[in-house]
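**Student:** Just so you know, the sequences run in chain order A, V, W and B.
Residue numbers 1 to 275, in UniProt numbering, belong to the letters of the first sequence in order.
Residue numbers 1 to 275, in UniProt numbering, belong to the letters of the second sequence in order.
Residue numbers 1 to 275, in UniProt numbering, belong to the letters of the third sequence in order.
Residue numbers 1 to 275, in UniProt numbering, belong to the letters of the fourth sequence in order.
Some hints could be false.
As the list makes no split between identical chains, a pair holds if one copy fits it or if it spans any two.
Below are the SDA-like pairs computed for lysine to any residue, each with C-alpha atoms no more than 25 Å apart in a straight line [claimed, not checked]: (1) 206 - 263; (2) 7 - 62; (3) 237 - 196; (4) 237 - 192; (5) 237 - 191; (6) 237 - 274; (7) 237 - 187; (8) 270 - 1; (9) 7 - 41.
Hints listed in this document are in silico derivations from the structure and should not be mistaken for laboratory results.
Protein chains: 4
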Amino acid sequence: MIRGVTKAGLGEIGSNEEYIRLADRFGFRSVDLNPLELIEQYGQVEAADLLARHNVIIGSFGLEADWRGSEDLFRAGLPRLVQQAEAAAALGCASCCTYILPATDLPAAPFMIAATRRLRLCANILGAYGINLGLEFVGPHHLRTHWANPTIWTMQDTLEWMEAIQARNIGLLLDSYHWHTNGLSTQELLALRPDQITYVHINDAKPLPIEDLMDSDRLYPGEGAIDLTGFLTSLQKIGYTGVVAQEVLAPARNESLMDLFSHSKACFDKLFEEL
Amino acid sequence: MIRGVTKAGLGEIGSNEEYIRLADRFGFRSVDLNPLELIEQYGQVEAADLLARHNVIIGSFGLEADWRGSEDLFRAGLPRLVQQAEAAAALGCASCCTYILPATDLPAAPFMIAATRRLRLCANILGAYGINLGLEFVGPHHLRTHWANPTIWTMQDTLEWMEAIQARNIGLLLDSYHWHTNGLSTQELLALRPDQITYVHINDAKPLPIEDLMDSDRLYPGEGAIDLTGFLTSLQKIGYTGVVAQEVLAPARNESLMDLFSHSKACFDKLFEEL
Amino acid sequence: MIRGVTKAGLGEIGSNEEYIRLADRFGFRSVDLNPLELIEQYGQVEAADLLARHNVIIGSFGLEADWRGSEDLFRAGLPRLVQQAEAAAALGCASCCTYILPATDLPAAPFMIAATRRLRLCANILGAYGINLGLEFVGPHHLRTHWANPTIWTMQDTLEWMEAIQARNIGLLLDSYHWHTNGLSTQELLALRPDQITYVHINDAKPLPIEDLMDSDRLYPGEGAIDLTGFLTSLQKIGYTGVVAQEVLAPARNESLMDLFSHSKACFDKLFEEL
Amino acid sequence: MIRGVTKAGLGEIGSNEEYIRLADRFGFRSVDLNPLELIEQYGQVEAADLLARHNVIIGSFGLEADWRGSEDLFRAGLPRLVQQAEAAAALGCASCCTYILPATDLPAAPFMIAATRRLRLCANILGAYGINLGLEFVGPHHLRTHWANPTIWTMQDTLEWMEAIQARNIGLLLDSYHWHTNGLSTQELLALRPDQITYVHINDAKPLPIEDLMDSDRLYPGEGAIDLTGFLTSLQKIGYTGVVAQEVLAPARNESLMDLFSHSKACFDKLFEEL
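Modelling step: build the complete structure from the supplied sequences, incorporating the hints.
**Tutor:** Dropping the structure here:
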């Protein structure tokens, strides 16, 4: 498994160049960032060189095409999706991810109809560039009632949705926080095939009843109540060899970028030495 | 357009042979019945001959595979679905129909996920035999709250769903009662292409506010408040040439089979002479 | 049916503005042109206004994404395809067309595998903008052996391919020359449903055995051996109401643009008065 | 990886009961057989018990629906396909396999069109029962010209075809003989993901130039020129954990069933001790 970071949990990062440089320095081999932005900033040759020089890959980028709202909004995002896919392929990035909010203010059934069609198109476009689409189920209970109508939030429903969407390049984005808040155990992970997992996020939860955990109040991996050793060991056992990226959605901490990177490294070191 | 009947509105019919014979006698050129049952009753040669002798086609048959409940139940219906498709193709029947209940006791989003996958499979199996699948949206308002969670009931959502299911042989079953209770006008019909319509049901509604109309309390076509001339004229204008089948879901009437057939004929005669 | 022109058969046209103006002047209500180019030339507002002022629509534009060659080439065309689809939707154009060469220098089976996947993606992208993809089968016999390996050239195989591609928005581009050189009759047209036809090209053939007809040696509609009255009458009978666009692939004629437009109008007038 | 047998290479087996019993006795944990036949012979309860008693699974069964010929023939096989899928699911068998002949007497392009549509339907039906479809590419050179028109025979083309078919439950049936006769190395295996492999066949080849190897003249695994240790080690490395089933297509040997089973066991023992 490849150690990775996202920007969530690292405070203010000056530039993508610094982001990549520090990831390398602190032993992370993958960063999440927008490949098109990177090329726009540095040019394709220098962007590729920057990554190669630091032996860092772009693990994943976010699906920007808005598949949750109006058709016009969705369409408006397609030109940039194609460009991002092109940029990602040029830089060797093979995953694009999006999350499923567990509720919506739109009527649930028509929402799912439109979302199914739109995610299929996004997956098909990404697939033309050899990129997989990761769907992240979102566990925190408070979000299930944050909007009027429930959608889906379980791993099982997300797996079923992948069959309904019917694209070969769709898998799970498995986030330890959502695994935990869904009340899942290592058993459910051990029942997965590695190809069902496109990407993995790691972070930790306060020692509260899972019903009370807030989505934006996460801890660094290893500092909380989630059985992350069980989580990672299970992924290893089933043969997952992809990125495990830290994503700590939490209030900003009053620490330097170096301290946050250093802290993240320490957390990963401790977790990974037990594998 | 082809005049057709279903058994709804015709009381107790002794046998399929009588059903076909009377349809012919009263000028209906299409009957809805189960083609596999017909072959099981008469043998394939005699079943085909019975239809040919009376110049009557099987307009449509109901999709029996239960796509609304458990996966086991759905699977259990597949062997018979294939046999029915085979029987339908052997007897020249080109449509299979199912209706969408506007609510469900299951959570709506997972329900739509399973239903999308299952209807695709049904459509694909039917397609192998040259048969189209008609999806009937169901308008009566009381049904929208009859189960816990709303699904879909509008023509537009049904058209969208056809795109999400992504089979080429899916179209609408357009029922005048559901068109009326959805508050639609001829304008929405005129915006359709004929290939979007797999099948048409015709019947009438009591002169009540559409919110108060009950699904099982319909009238014979022409006896109620629905603008059936506008309905049929619009279908004719856009080039629909398929079956228009009477389906009068209503309490049993204390009349003979002959009287009910005769009454249906009179209703059709009046409506069709205005086209 | 809507009278349309393409640039093939009209000589050198100075600008798209002139093209649209003359189409209008000579009674054509549809032109084939690149909607993205039109917007790039005039801006979206003026482009739309130009079309509206002359009561002319863009009937269709050519699929520029190259689905016949390498994967790199195909990918390279996708960004522009999305932009074209966007432009087409903005200008109310609902069809994009491509032709199937009846042979290829690539091995036929792998070629069909790649082409199936690529055309599905193109159709899906176009579908997000409400645009249909028309597939043109190409009849002239000399082309069947022009490259090493035969692909497909019949209407029936093209219809089958549409099922294999499995997108709901794919139909035929029906060209009278290819219908003729395939030795088809009005019977095959009468067996079509209108939704199976995305677009129609019209032109004529020299009075030669169909085996000897060259693809680039066509005549103006009505001046040759094709039963165009039968062709158009059949399309009318089955309910086709879309564009019928002249496409005369032939050596340049030494005539003025005005004369060529005028000649085309006369050909159409004669043919359409018989419908 | 699970040691498995097929009937190819084991001579005349008296009954499925004997087949399962001997597989167990000689250390094979998987047999290839028709699950529907097993249920028809023993009843579902006893069939399941027979397998459980011997700790043997049904690794795979052959796709009997004929997707290579006429549409009528294909349709005729669908009812039994559904029944077989049902039987397979009831007995815990998760794979169904079919092979791709490298040539056909039908025109190649239309053949691929029909085959793409038909294999998608077969995969969809199997998928409803949780069963994967394995596609076996066939390497021997003499078969490429045995029929008039080449289709596909490479691993890469088969992987591409899986994308064109667009079902999520299709993977490779990887046979060591076809890997060898395609001139592939362990490098190509190491580039696969385990989920791309539905099933594995193992057998060996005479020490001849690969161009001269005949499809029906195979050797027992370990007795020939194929680098089976490299083959198996590579599959192990990428995380394949499924069945590796012996399939020795060869002239009958004048040996007893016990001797053939015993010989097969010895071959497997030798190969697997090196892993």
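**Student:** Each hint should be assessed against the structure and marked as holding or not.
**Tutor:** Do the hints match the structure? See the list:
no.: 1; hint: 206 - 263; verdict: within (18 Å within a copy, 60 Å between copies)
no.: 2; hint: 7 - 62; verdict: within (12 Å within a copy, 43 Å between copies)
no.: 3; hint: 237 - 196; verdict: both (14 Å within a copy, 19 Å between copies)
no.: 4; hint: 237 - 192; verdict: both (10 Å within a copy, 18 Å between copies)
no.: 5; hint: 237 - 191; verdict: both (10 Å within a copy, 20 Å between copies)
no.: 6; hint: 237 - 274; verdict: both (13 Å within a copy, 22 Å between copies)
no.: 7; hint: 237 - 187; verdict: both (11 Å within a copy, 24 Å between copies)
no.: 8; hint: 270 - 1; verdict: within (15 Å within a copy, 32 Å between copies)
no.: 9; hint: 7 - 41; verdict: within (18 Å within a copy, 42 Å between copies)
Taken one by one, the earlier hints all hold for this structure without exception.
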